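Peer 1: With the UniProt record's numbering applied, the sequence shown covers 1 to 209.
Rather than coming from a laboratory, the hints here were simulated on the basis of the structure.
Quick caveat: nothing in here was measured; it's all calculated off a predicted structure.
For each residue, glycine too, the CB sits at the ideal point set by N, CA and C.
Take these hints with a grain of salt, some might be off.
[Claimed, not checked] Just the calculated beta-carbon pair ranges, DEER-fashion: (1) 193 <-> 28: 48 to 58 Å; (2) 170 <-> 121: 47 to 57 Å; (3) 61 <-> 160: 11 to 21 Å; (4) 173 <-> 49: 19 to 29 Å; (5) 192 <-> 160: 13 to 23 Å.
[What the hints assert, rightly or not] Below are the BS3-like pairs computed for lysine-lysine, each with C-alpha atoms no more than 27 Å apart in a straight line: (6) 165 <-> 188; (7) 203 <-> 165; (8) 80 <-> 109; (9) 188 <-> 203; (10) 170 <-> 203; (11) 128 <-> 114; (12) 179 <-> 165; (13) 128 <-> 109; (14) 128 <-> 203.
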Amino acid sequence: MSPSSPIRILVVDDHPFLREGVRAVVETQADMQVVGEADSGTDAIIRYRELLPDIVLMDLQMPDLSGDQAIAAIRERSPKARIIVLTTYAGDAHALRALRAGAAGYLLKTSLRKELLQAIRSVHAGGKHLDADVATDIALHLVADAPSEREISVLSLAAHGNSNKQIAAKLGVSEDTIKAHMKAIFAKLGASDRTHAVTIAAKRGLIDL
1 MSPSSPIRIL
11 VVDDHPFLRE
21 GVRAVVETQA
31 DMQVVGEADS
41 GTDAIIRYRE
51 LLPDIVLMDL
61 QMPDLSGDQA
71 IAAIRERSPK
81 ARIIVLTTYA
91 GDAHALRALR
101 AGAAGYLLKT
111 SLRKELLQAI
121 RSVHAGGKHL
131 DADVATDIAL
141 HLVADAPSER
151 EISVLSLAAH
161 GNSNKQIAAK
171 LGVSEDTIKA
181 HMKAIFAKLG
191 ASDRTHAVTI
201 AAKRGLIDL
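Construct the entire structure; sequences and hints are all you get.
Peer 2: Here's what the structure looks like:
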């Protein structure tokens with residue numbers, strides 16, 4: 001690609017207004033061009049193979065494949081693919097999953113006009129770009145004691161209205177074991193009770209409500 005060639009961008013989101021908004025921002029720039037759009041994770045994989053864009057802007061929550069799954073699939077076939085997540089989810093767990101899947105950037109849709117162009121140029125140049133607040137949350141929670149997979153399973157069942165006794169039955173353990181898990185969860189999340197723990201975990205993206 002010659003230095004004068006624009007950065008070719010694929011926009012993936014199931015909301016047409018968001019895709020139009022991104023296109024409006026990007027097309028004010030002489031060094032960028034939207035070359036395609038996709039409205040689902042499956043469509044994103046197909047369109048990537050057809051277009052081979054320089055940058056993919058990827059939503060996380062879509063009706064078929066999630067953004068994480070689409071990122072992983074694209075990167076498996078094209079390890080050099082440069083993908084920036086553009087999402088409403090500020091939780092550190094959401095961001096970590098996307099980064100582990102292969103995303104090179106993570107932006108919130110609220111900062112679209114403020115940070116998008118900088119993020120595209122940075123990631124295209126080989127760098128990474130993380131929303132500042134999300135990056136801070138990741139750093140803070142990485143040094144903390146994270147809930148285990150079993151604890152997250154317990155909390156997810158609690159979030160869907162199950163009592164300790166019901167959770168114990170579903171997981172095949174004693175009710176005392178579930179009480180111990182809940183106590184550990186409260187400590188790790190800094191939660192005062194079950195409802196508080198569920199709220200914190202959902203906000204961080206540890207569980208889905």
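Peer 1: Has the given pair, residue 188 with residue 203, been kept, meaning a C-alpha gap of at most 27 Å?
Peer 2: Cα-Cα ~15 Å, so holds.
Peer 1: Quickly compare the C-alpha distance for residue 128 and residue 203 to 27 Å and report which way the hint goes.
Peer 2: 24 Å, holds
Peer 1: Take a look at whether the Cβ-Cβ distance between residue 61 and residue 160 falls inside 11 to 21 Å.
Peer 2: 19 Å, holds
Peer 1: Are the Cα atoms of residue 165 and residue 188 separated by 27 Å or less?
Peer 2: 22 Å, holds
Peer 1: A range of 13 to 23 Å was offered for this pair. Does it hold for the Cβ distance of residue 192 and residue 160?
Peer 2: At 20 Å between Cβs, range holds.
Peer 1: Is the Cα-Cα distance between residue 203 and residue 165 27 Å or less?
Peer 2: Holds, at roughly 26 Å.
Peer 1: Does the Cβ distance between residue 193 and residue 28 fall inside 48 to 58 Å?
Peer 2: The hint (48 to 58 Å, Cβ to Cβ) holds, given that residue 193 and residue 28 are roughly 49 Å apart.
Peer 1: Within 27 Å, alpha carbon to alpha carbon, are residue 179 and residue 165?
Peer 2: 9 Å, holds
Peer 1: Verify the proposed pairing of residue 80 with residue 109, using a straight-line Cα cut of 27 Å.
Peer 2: Roughly 24 Å between the alpha carbons, so the hint for residue 80 and residue 109 holds.
Peer 1: Within 19 to 29 Å or not, the Cβ separation of residue 173 and residue 49?
Peer 2: The hint (19 to 29 Å, Cβ to Cβ) is violated, given that residue 173 and residue 49 are roughly 46 Å apart.
Peer 1: How does the Cβ-Cβ distance of residue 170 and residue 121 compare with 47 to 57 Å: does it lie in that range?
Peer 2: Because 49 Å falls inside the window, the suggested range holds.
Peer 1: Are the Cα positions of residue 128 and residue 114 separated by 27 Å at most?
Peer 2: With Cα atoms ~16 Å apart, residue 128 and residue 114 stay inside 27 Å; holds.
In this structure, the one hint that does not hold is number 4.
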